[in-house]
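One-letter residues, chain by chain:
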Amino acid sequence: TQLLEQSPQFLSIQEGENLTVYCNSSSVFSSLQWYRQEPGEGPVLLVTVVTGGEVKKLKRLTFQFGDARKDSSLHITAAQPGDTGLYLCAGAPGNQFYFGTGTSLTVIP
Amino acid sequence: DAGVIQSPRHEVTEMGQEVTLRCKLISGHNSLFWYRQTMMRGLELLIYFNNNVPIDDSGMPEDRFSAKMPNASFSTLKIQPSEPRDSAVYFCASSLQDLLETQYFGPGTRLLVL
Numbered sequence: 006t007q008l009l010e011q012s013p014q015f016l017s018i019q020e021g022e023n024l025t026v027y028c029n030s031s032s033v034f035s036s037l038q039w040y041r042q043e044p045g046e047g048p049v050l051l052v053t054v055v056t057g058g059e060v061k062k063l064k065r066l067t068f069q070f071g072d073a074r075k076d077s078s079l080h081i082t083a084a085q086p087g088d089t090g091l092y093l094c095a096g097a098p099g100n101q102f103y104f105g106t107g108t109s110l111t112v113i114p
Numbered sequence: 026d027a028g029v030i031q032s033p034r035h036e037v038t039e040m041g042q043e044v045t046l047r048c049k050l051i052s053g054h055n056s057l058f059w060y061r062q063t064m065m066r067g068l069e070l071l072i073y074f075n076n077n078v079p080i081d082d083s084g085m086p087e088d089r090f091s092a093k094m095p096n097a098s099f100s101t102l103k104i105q106p107s108e109p110r111d112s113a114v115y116f117c118a119s120s121l122q123d124l125l126e127t128q129y130f131g132p133g134t135r136l137l138v139l
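Those protein sequence lines, which keep their order, are chains A and B.
For reference, each letter of the first sequence is one residue, going 6 to 114 in the working numbering.
For reference, each letter of the second sequence is one residue, going 26 to 139 in the working numbering.
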């Protein structure tokens with residue numbers, strides 16, 4: 006059992022569509038991070054959410070931290086082929102750091 | 026400024042051989058992380074150093090794995106003896122202070138043990 010479960014695991018959509026990716030846990034996190042990993046590269050941090058209920062926007066990407074700080078979501082508006090990649094949530098409920106199971110997104114032109 | 030540097034980028038070896046992976050941190054960063062990524066298990070933290078001291082090595086699979094940080098800018102991850110199930114992509118990452126800050130990842134080392 007993974008501490009951070011992401012859904013869906015795989016997502017293939019057409020350019021211009023909207024999508025939402027979820028990151029869920031039974032543990033409380035002081036903060037959650039979202040990373041994007043492109044093929045053949047290491048993950049790159051997109052955002053960190055800290056406060057329960059917080060919403061952060063990064064261009065067409067909207068990140069939300071759950072009120073109870075156990076879950077988070079990433080919404081992409083009008084997806085583009087450049088959004089293709091593996092999206093990972095990550096955090097430390099205690100002294101150990103975990104990455105989520107990942108959502109592999111493919112945006113078809 | 027250069028990012029995290031890892032070498033080699035690719036390694037193919039035979040079962041039983043020793044493998045050494047190398048990592049150079051971003052200058053001024055105090056924390057170093059070694060990760061392993063596989064399709065089955067995703068991205069797993071193996072070990073975390075802060076100011077050259079190992080803080081958490083609970084993710085190290087077994088005694089065949091060892092990591093060192095001989096100075097503030099360099100680290101090695103050694104597997105001896107290697108086994109086919111060690112095949113994975115190994116990432117090194119560094120951060121300014123600790124594991125809750127932004128981690129900057131290297132390009133990874135793709136290891137195949139035959």
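The reader is advised that the hints may include incorrect statements.
A short list of chain A residues far from chain B (calculated; beta carbon distances all over 10 Å) [what the hints assert, rightly or not]:
1. Asn23
2. Thr25
3. Glu46
4. Gly47
5. Asp72
6. Thr82
7. Ala83
8. Thr89
Facing chain A, according to a computed beta carbon distance under 10 Å, are these residues of chain B, among others [stated by the list, open to error]:
9. Gly28
10. Gln31
11. Arg66
12. Gly67
13. Asn76
14. Ile80
15. Arg110
16. Asp111
17. Val114
18. Leu121
19. Leu124
20. Glu126
21. Gly131
22. Val138
23. Leu139
None of these hints come from the bench; they were simulated from the model.
C-beta atoms are modelled at their ideal positions from N, C-alpha and C, and glycine is treated no differently.
Practice problem: Under 10 Å, Cβ to Cβ, is where B/Arg66 needs to be relative to chain A, so tell me if that hint holds or is violated. | Solution: Since chain A brings a Cβ to about 9 Å from B/Arg66, closer than 10 Å, the hint holds.
Quiz item: Hint check: is the beta carbon of B/Val138 less than 10 Å from a beta carbon of chain A?
Solution: Constraint on B/Val138 not satisfied, violated at 20 Å.
Quiz item: Would the stated hint for B/Leu139 survive a check requiring a Cβ distance to chain A of less than 10 Å?
Solution: violated (22 Å)
Self-check item: Given as non-interface: A/Asp72, which should sit over 10 Å from chain B by C-beta
Solution: Non-interface label stands for A/Asp72: nearest chain B Cβ at 21 Å, farther than 10 Å.
Quiz item: Hint check: is the beta carbon of B/Gly67 less than 10 Å from a beta carbon of chain A?
Solution: holds (5 Å)
Quiz prompt | chain A contact restraint for B/Leu121 - C-beta distance below 10 Å | solution = violated (12 Å)
Practice problem: For the hint on B/Gly131, just tell me whether its beta-carbon gets within less than 10 Å of chain A. | Solution: holds (6 Å)
Quiz item: Holds or violated: is the Cβ of A/Thr25 farther than 10 Å from all Cβ atoms of chain B?
Solution: holds (20 Å)
Practice problem: Under 10 Å, Cβ to Cβ, is where B/Gln31 needs to be relative to chain A, so tell me if that hint holds or is violated. | Solution: holds (9 Å)
Exercise. Verify the interface restraint on B/Gly28: the C-beta must sit less than 10 Å from at least one C-beta of chain A.
Key: This hint holds: B/Gly28 lies near chain A, its Cβ roughly 9 Å from the closest one there, short of 10 Å.
Self-check item: Minimum beta-carbon distance criterion (10 Å), B/Asn76 to chain A
Solution: Where the cut-off is 10 Å and the nearest Cβ of chain A is about 16 Å from B/Asn76, the hint is violated.
Self-check item: No chain B beta carbon within 10 Å of A/Gly47's
Solution: About 3 Å separates A/Gly47 from the closest Cβ of chain B, which leaves it inside 10 Å; violated.
In the structure shown, a violation is registered for the earlier hints numbered 3, 4, 13, 15, 16, 18, 22 and 23, in ascending order.
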